[in-house]
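A.B. asks: Here is what each chain is made of, one letter per residue.
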Amino acid sequence: MSVDRKTVAKIASLARIEMDGDALDRMVPEFNNILAWVEQLGEVDTSGVEPMTAVIPQALRLRDDVVDADPLTGGGIRDKVLANAPAPEHGFFGVPKVIE
Amino acid sequence: MSTYRIHGATGEWEVVIGLEVHAQVTSKAKLFSGASTEFGAEPNAQVSLVDAAMPGMLPVPNRECIRQAVRTGLAIEAQINKWSRFDRKNYFYADLPQGYQISQLYHPLVGEGALTIEADEKAGIPEDKTIGIERIHVEQDAGKLMHDQHPTMSYVDLNRSGVALMEIVSRPDMRSPAEAGAYVRKLRSILRYVGSCDGNMEEGSMRADVNVSVRKPGDEFGTRTETKNVNSVRFVMATIEHEARRQVEVLEDGGTIVQETRLFDPGTGTTRSMRSKEDAHDYRYFPDPDLLPLELDDAFVAECRASLPELPDAKRRRYIEALGLSDYNAAVLTAEVETARWFEALLSETAAAQGKSEAEVAKQAANWLISEFFGALNKGGHSLADSPVSHEQAAELLALIGKGTISGSIAKQVLERMLETGDSAGAIVEREGLKQESDSGAIEAAIDKVLADNADKVADYKAGKEALFGFFVGQTMKAMQGKANPQVVNELLKQKLG
Amino acid sequence: MTQLTDLGVKAIRDGVAAGEFSAREVAEAFNANVAAAKDLNAFIVATPEKALEAAAKVDADRAAGEPLASMAGVPIGMKDLFATKGVQTTAASHILDHFIPEYESAVSQKLWDAGAGMLGKLNMDQFAMGSSNETSFYGNVISPWRRKDGGNAPLAPGGSSGGSSTAVSARLCPAATGTDTGGSIRQPAAFTGICGIKPTYGRCSRWGIVAFASSLDQAGPMARSVEDCAIMLGAMAGFDPKDSTSLDMPVPDWAGALNADLRGKRVGIPREYRMDGMDAEIAASWDQGVAWLKDAGAEVVDISLPHTKYALPAYYIVAPAEASSNLARYDGVRYGLREMPERANLQEMYAATRAAGFGDEVKRRILIGTYVLSAGFYDAYYTQAMKVRTLIQRDFAAAFERCDVILAPTAPSAAFALGEKSDDPIAMYLNDVFAVPASLAGLPAMSVPAGLNSEGLPLGLQIIGKTFDEQGVLDAGLAIEQRAGFAARPERWW
Ligand SMILES: [Mg+2]
Ligand SMILES: [Zn+2]
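Residue numbers (our numbering), protein chains in the order written: chain F, 692 to 791; chain R, 230 to 727; chain U, 26 to 519.
Looking at chain F on its own, in the form it has when it is part of the complex (with noise of 0.2 angstroms):
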């Protein structure tokens, strides 16, 4: 399947990366490239084939419930989460306005 500049500028947009007529002539052919070979995939019958869940055989873990067991998971730690912000703000990440 081919697609056009409108679906990778729709595309683009969805993946919040912004990008100027010229950024989206180059993308649509080298996008239709990579498409179109991913696309022999179709070839292969895959019916009654699930599809991996796992990498290696092996179940989700779960861990108990306790509080800040381990520091590195843990929270009460405001300073190193705030530590590389663009824009703190009083104890918060500052990002502009939204209006909901």
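These are computed hints drawn from the structure, not numbers from a lab. Every residue gets a Cβ at the ideal spot worked out from N, C-alpha and C, and that includes glycine. Possibly wrong hints are sitting among the right ones.
Here are a few chain R residues that sit away from chain F, every Cβ distance over 12 angstroms (derived from the structure) [claimed, not checked]:
{"#": "1", "residue": "324"}
{"#": "2", "residue": "345"}
{"#": "3", "residue": "587"}
{"#": "4", "residue": "599"}
{"#": "5", "residue": "724"}
Subject to a maximum C-alpha distance of 30 angstroms in a straight line, what follows is the list of computed DSSO-like cross-link-like pairs (lysine-lysine) [to be verified]:
{"#": "6", "chain 1": "R", "residue 1": "373", "chain 2": "F", "residue 2": "701"}
{"#": "7", "chain 1": "U", "residue 1": "446", "chain 2": "F", "residue 2": "701"}
{"#": "8", "chain 1": "F", "residue 1": "788", "chain 2": "R", "residue 2": "373"}
Since the structure of chain F is already known, use the hints to place chains R and U with the ligands on it.
C.D. replies: Using the frame of chain F, we list chains R and U with the ligands on its own:
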């Protein structure tokens, strides 16, 4: 069948309602991180590196959250899927640090179940009605945005980011605001019984996405709108009323309903389209590659089942059948788990105090609780949760009534004093000399005086005006300052009046 | 005195332990090599002080008679995909500008705990997307190797762990970490004449490694010998409760159990890997590998992996799909670049930030991934790819009924010149045609140098093992290493 209808210019319209209730799972730590779920912390104080979606962070699920969702599923007699899986719902928003929400679309943890809302004639629910529940899935909550702190910026607080939610999705089985209200109340009641959610709508522990469409009775379902995050039963009902009327207006004006996300404004009681979420709803769900399938064994499910308490419907039935309570009283006492717990504690202590079986004292305890105690508590601005009178103290009061030590009317006074002072019933009765007089001598003397003072009425009575009996009782009780045993008064009066 | 920078992991560790030289001397020697190799652009940042600090600790421990751990005194290079506490971590992307993690990745922490020190953060393809190290925001890494025709065209070190392969090959470090999503350890190892192993999926914790494609990403060591890889993998691997996909299994003593005697082992030769138009020198090297393994006592069996042809297209659906979602977090809100055009709203800020921050290849993959997951296409692309993945897993399972390890080329060619394939994404993707199937199936696989081609460039042979059988892979690798006697090294021009 609900007869709720919108009366439009072109005739009657039926409302079709489905609810997606997001209930915060009761757990100490978040669904995929060890950060606390406690309400009311400083902004971003309860955020782990995982919740802030730092590069390379990974989710590890909290067993307790899974367990609570399974227990909830069992409570609505739903199918528990022993093989389920987490999916990612992808979209960009400032309250969603990962750029996706970990949820369950394709294989939810809990499948088909149901709950029953009770008949409520006054609310237009003529008979009990079963509302289908399509599924319960487990997912992450998002963070919070603050819009009023800065002229050009919104502030992001991720404390809620990653808190576990159960999304409980109903079938579009409701047909009136009242049914929807009853559904939310019943669901909240069940969640509280189970202990899987505190049901606190003010703190956002429970909120509903309200799906509303309208149709001419008998037609196919219309296009629905979804009003997000409605956070009280009253608002759910108001949302439906407004949204249904709005849709009827649009349709009758020749318009069409757009499937869209809306927002309820409690100030105006109206809904409006949500601009920020208008753009392409293409969530690109796919299985979360950071998480393996969630596989539960029989033992896990069995433990969840064994840990369930008696649930409201079963309890109500038992109260009626085994304790002989009226339908009304049973419904009132089982609606909230705290009430039922209080009642059961009172019941066992009352039975013990009076040396009787629970069934023998159940009616007394239930009647007193509902018609005396609730009112008195309410007057003092209290609820059961912060009652100054404990169930032990209440049981003592009931025992005093049961043994005839005080009359029902004196008991009201005693209760008032108990609520004021926190003292025990016995101490108050003793101190204030409120003990009931059963000594026939004193009562007889009082009766004699009443009859002598009212010779004319005695004559009327004897001439056949039997309704005057109550007057003599009242006068005697008055003379005794309410402390006479009414049974003794009755008997003696009957004798004296021949 | 020995040239310290010619020593590998084991030699350095043992030498430090024996007091032949100090860890500090080793760190200084490698720091000097790093500083003198700017032309290779292998490092994004050098951290000589970190290497010295770790060395000082090892020297002090030794002096105090404390036991030394398995990597004690060995300075290494850290691929910039691993979060390193207090040291800039960028995944070679502009979008992670100035990002200084407050945490250490599980794997790098294990390495420091084992006594290793950090020479610096290694350049790589941006977000590990690439096979030639031409997609880094920090510029191309240049292979230390040159064709012997004297043309001097700068060559690709392979990718995405191109900084790692270059640094190890050029003796800037004795070993380096790599990550392998679809060949990113093995292919660069092959291009630069070093060894590298991608262990079974789940062996090394992914916690703290910038994610590319979660169901494929695996960390592994890159070093100049099989034994060095075995030692370093032992230090990197192990159960991590912070990673749901981490294997809860003990880590075997791979290095201690190394055994090049392959008698009783069967080596499978997948007929589908012998593709039309295969490079004659690659084919010859593969045949040579077969002969070596026979010589080591193995029995060679013909096997079939019928869905090989579809592995690469399946990979180029699955990996971009996962990446499109994994990279959604780079939005300019919590860390990294924020591009804030005048009066932009939130969504416009996202789009501007991501446009400015991601390189072309990253954008390409995000778009493809977004597309294949989008409404109406999900089943045709993603679900179909995951079904094909099941078939590929089954192919391997069936093949491993008949053999213990599989031998194949690592890459379809030797290193190519920088720029040679960068305009043709698919030609670039084809580089990983032999590497990707093992990634899709989560199998351990390793590349070992097999010799030089007629241009004087290294060629690698790949050994693919059963799930959890890193030992089998390393043993076969050792058998090849002993017979290949690969001693070639790039002549210093930088
Ligand atoms: Mg919803
Ligand atoms: Zn939800």
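A.B. asks: Flag every earlier hint the structure violates by its number, smallest first.
C.D. replies: Of the numbered hints, just 1 does not hold.
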